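Residue numbers (mature numbering (1 follows the signal peptide of the UniProt record, and there is no 0)): -27 to -1, 1 to 1104.
Hint data in this document are derived by calculation from the structure and do not stem from the laboratory. Bear in mind the structure is a predicted one, so any value in this text is a computation, not a measurement. It is possible that some hints are incorrect.
Stated by the list, open to error - With a Cα cut of at most 27 angstroms, we get these calculated DSS-like pairs of lysine-lysine:
(1) K672 to K925
(2) K412 to K394
(3) K908 to K1023
(4) K159 to K109
(5) K1097 to K908
(6) K150 to K42
(7) K1022 to K1097
(8) K347 to K364
(9) K159 to K6
(10) K114 to K42
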Amino acid sequence: MASFSAPVIKWQTFFLLFCALNCVVWSDDSSDKAVLLEFKESVSDLSGLLSTWSENSHHCSWSGVTCDKDFKVLSLNITGFGKGPKGNNSLNKTAVSASFSCSNYSLYPFYGFGIRRNCGVSNGSLSGKLLPSIGKLSELKILSLPFHRFHGEIPSEIWGLEKLEVLDLENCLLSGKLPVTVSGLKNLRVLNLGFNNIRGEIPSWLSSLERMEMLNLAGNLVNGTVPAFVGRFRDVYLLFTWLGGSLPADIGEDCRLEHLDLSGNYFVGEIPASLGKCSHLRSLLLYTNMFEEGIPRELGQLQNLEVLDVSRNSLSGPVPVELGNCSALTVLVLSSMFNPYDNLAMVKGDANYVGDDFNFYQGAIPSEITKLSKLRVLWAPRATLEGNLPKDWGSCDNLEMVNLAQNFFAGEIPVGLTLCKKLRYLDLSSNKRLTGELKKELAVPCMSVFDVSENSLSGNIPRFDNSGCPDVLTSDSYSFEPFNPTSAYLSFLASKVQVGTSINFLDRDGGPAVFHKFAGNNFSGSVLSMPVSPQRLEKHISYAFYAGENVLSGPFPGNLFENCNGLDALFVNVSYNRMSGPIPEDISKVCKSLKFLDVSMNQITGLIPPSMADLDSLVSLNLSWNLLQGQIPSSFGQMKDLRFLSLAGNNLTGSIPSTFGLLRSLEKLELLSNALSGEIPESLVNLKNLTVLLLNNNKLSGQIPSGLANVTMLSSFNVSFNNLSGPLPSSNNLMKCSSLLGNPLLQPCRSYTLMPSSDQARAGDSQNYAASPPGPVTQKNRNSGFRSIEIASITAASAIVSVLLALVILFLFTRKWNSRSKISTTKKEVTIFTEIPVPLTFDIVVQATGNFNASNCIGNGGFGSTYKAEISPGVLVAIKRLAIGRLQGFQQFDAEIKILGRLRHPNLVTLIGYHASETETFLVYNYLPGGNLEKFIQERSTRAVEWRVLHKIALDIARALAYLHDQCVPRILHRDVKPSNILLDDDHNAYLSDFGLARLLGTSETHATTGVAGTFGYVAPEYAMTCRVSDKADVYSYGVVLLELLSDKKALDPSFSPYGNGFNIVQWSCMLLRQGQAKEFFTAGLWDAGPQNDLVEVLHLAVVCTVDSLSTRPTMKQVVRRLKQLEPPSF
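Please take these sequences and the hints and turn them into a complete structure.
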């Protein structure tokens, strides 16, 4: 028994010791476990992310939990999927994470360059609140709970964790302010609170954290300025916040930065030169801000810099040659029309970041940059660069993307570019002055985008060398590269250019897109080949070949359709050339994949092959203004996908096929200027998607189908000059008198509008709605297709009468010439600058105005009144009567009589003549029946106005001012641009009037005046303060007018009164942009109806026109160019 009891006693002793130790251990870690269980109980976990967390298991074995050897919690790391509630568009710059998930980070791949490259493996997220008890995890070093749906503030206890090194709560719906002071976090290395709703300024206590490496406050409501101490961190991501002001000049002192992203904010002033001291910097992203002046040449000291993006600012000056010293540079973005965060902006319900680039550089691209051996992307479209393209492109081993479109480069395309065999994107379009011939060594067959349109290139489009090519450029092509700043930009730009070509309008499906554009040059000869490499044809690509507006000749289609059936889809535009011959009978067999074909304005002959109807993929067909004969094949009715069809301006005969009524997708049908006969098919009323129907100048008879009044989409309709008869369909919007002329047997149309001036008359011409995609080519002179004996006779008679009238006018003009050399002081005569077809004398003017009766007064200004006068039945003019006895009034007259009499521009009110004497002085203008823009804006709430109309008004006035500033010698300032000085005709063409404040400028940029002219609310601040005026003062006034046009608000609108005295429309627009509420700026209905991206771009343009800095304001020439680039499609 004794021998048995001894071991038992030993085992009992060991068991008691084990229990004692075990009790000690559980006393140490039970508090951490309790905290975690409390956290689990407080959150909703529908996806079971915390399913392993149980009372019956050790907490150190739980998913997402890591402990030390003493079972204390070191790390809590659970990444959620982050999917929030959908459809929350009212959040603007708040609640970002409520609307996108971790997986959405692929939408903007270079955010953080790897902060969150991979999402968690989970399918769900936690929701609830972060508990203060988390602060009891005293050994916690890593708290990483991103992409969950927590709400409320971060508990102060978390800010007190002494040993915390990583605080990662990205995209968690958290709110509140950053604490002013903290009691812990002495060892913090990473603070990642990106994409929450956190407010406040960047706290100063961050400067005391010696181990701090990464700060991410992106996508929050953080405001204030950026402190200089962030330069001591390694990675700083402050993009897409409300930060603003100037960057500290010493941000680069003691710099440790590798990645600095300040994009999408409101920073102003200069880019600090001290950033050139950040020798470790790999990426510097400053796009979408308001930086001014030039790019600091000190940035050329950054030997490790890989990515530099300064686009979408207000930079100026030359591109520093010193950037050629950045030997590691792979991506250089100087300007861009793409916003990398468009998708994020839409997720946030914030459109104000969809804007435009306002960098206006000077000079050329230094060859030191193009010679950089590692350069893969050079992106600088619409940047006002000029000079010759760099000749030296180095060995060009890595260059993949070059975009220098819409600049002012001249000369030939350099031979050096032929060495760039990896080049996949080359856009040199719209430089206008590029000349010479294309080199066949260019790697065009391998390029996904090659665009040299709108230049002055000549020679043949060569048969380019067809060497082997890598894979087609897509955004996925770079997914296999190590994730870094360069691959992120390449992936992003590749995805943008894929959808940026005009072939996308046809809802293209299938493989990648290849887009080659040669349009708008002087290319000649035959089309020698389809410039696509065989390797590309194996990829089921969609290919677009655009070569319109050249002088190409030879038979159609040449060799263009070779290998066509190897394509997924083919888009061809060779309009406005000299191609001839018939359309091949076997076209449907040779090119089954043809989806878009435009050969308008060529010399195509013969019949239209009925086999064309077998092109069942065809969506758009334009054969207009050729020499085609015969009848329209009835088989066309089987092309079910056809949306655009134009056969105008040929010699087609016979009737309109009734089978057209089967084309249910048809939107535009143009058959004008042929010799078609018979009746208009009743079946056309079945085309419910039809928007344009042009049948004018044919030999059609019978009645207009009454059912056309029920085709609600139909907006453009013309049957003039046919043999139609009977009543008119009851449609006020559709049946306009101008579209019914020349049908003597048709029910009379009573309405008639007189356009007294030649400038106005051009607006009455029928528009050419070509069956082609948005952005049609410019019309060139071409025979209208009128070939009848009757019209020829009328034309000949008109010519004889015109000659006789010209002789009479010349005689009268010669008699009047001597009297124009000086102002009459006593004679009652009217001096004529612009001849009109009726007499214009002093007595006629006085009688027509009722002796200047107030009932005929249509406007009053500071220098006189304007009267409406009908000087002959149907001929209206406007008489501006100057106030006699007022010296300033005569000064106005003196300026106008010397300037306006010789000005000719479609958007300037024409000065017809004048009378000046001691007792009476008046000016005679053409009359504009549409009133002025002030009245238009006031009355716009009573009717819907299309964005196209508003854009046209804005562009018309911009063109007029650009003409005054840049094309008049000496140039002219208006000095009183405002809505009441902008007149409209019935077609909403806009005309600038009242040059009473105009002054001539010689060679100087500015000149002083004796007083401030203009109208309060429209006067530029520097003009009001210094009385010094330049063309930029007109730019400011124009910007105010543009803001009024977009918003229906006045410059000093009464609704601004709550903001205090002096608050104006400029301040209001800036306020809304800063608050992310661009949508609220626009007049009711415009935002929903118009293209929202373009609306915001024009709003940004107006705001830039009204900035205080004269160097930042664009010129009117630049404004015109920007508006033309935003011009809505013409159909």
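Hint by hint, here is what the structure shows:
Only pairs whose Cα atoms come within 27 angstroms are accepted, and K672 paired with K925 is rejected, the gap being roughly 35 angstroms. Distance hint between K412 and K394 is fulfilled; the C-alpha atoms sit about 13 angstroms from each other, no more than 27 angstroms. Between the alpha carbons of K908 and K1023 the distance comes to roughly 11 angstroms, so the proposed pair stays at or under 27 angstroms and holds. A distance of roughly 16 angstroms separates the Cα atoms of K159 and K109; the hinted pair therefore holds under the 27 angstroms criterion.
Restraint check for K1097 and K908: satisfied, since their Cα atoms lie roughly 26 angstroms apart, inside the 27 angstroms limit. Taking the CA atoms of K150 and K42, the gap is about 36 angstroms. The hint is violated against a cut of 27 angstroms. For the hint pairing K1022 with K1097, the CA-to-CA distance comes to about 24 angstroms; that is within 27 angstroms, so the pair holds. For a cut-off of 27 angstroms, the pair hint linking K347 to K364 stands: about 18 angstroms separates their Cα positions.
A C-alpha spacing of about 25 angstroms is found between K159 and K6, which places the hinted pair at or below 27 angstroms, so the restraint holds. For a cut-off of 27 angstroms, the pair hint linking K114 to K42 stands: about 14 angstroms separates their Cα positions.
The structure shown violates the earlier hints numbered 1 and 6.
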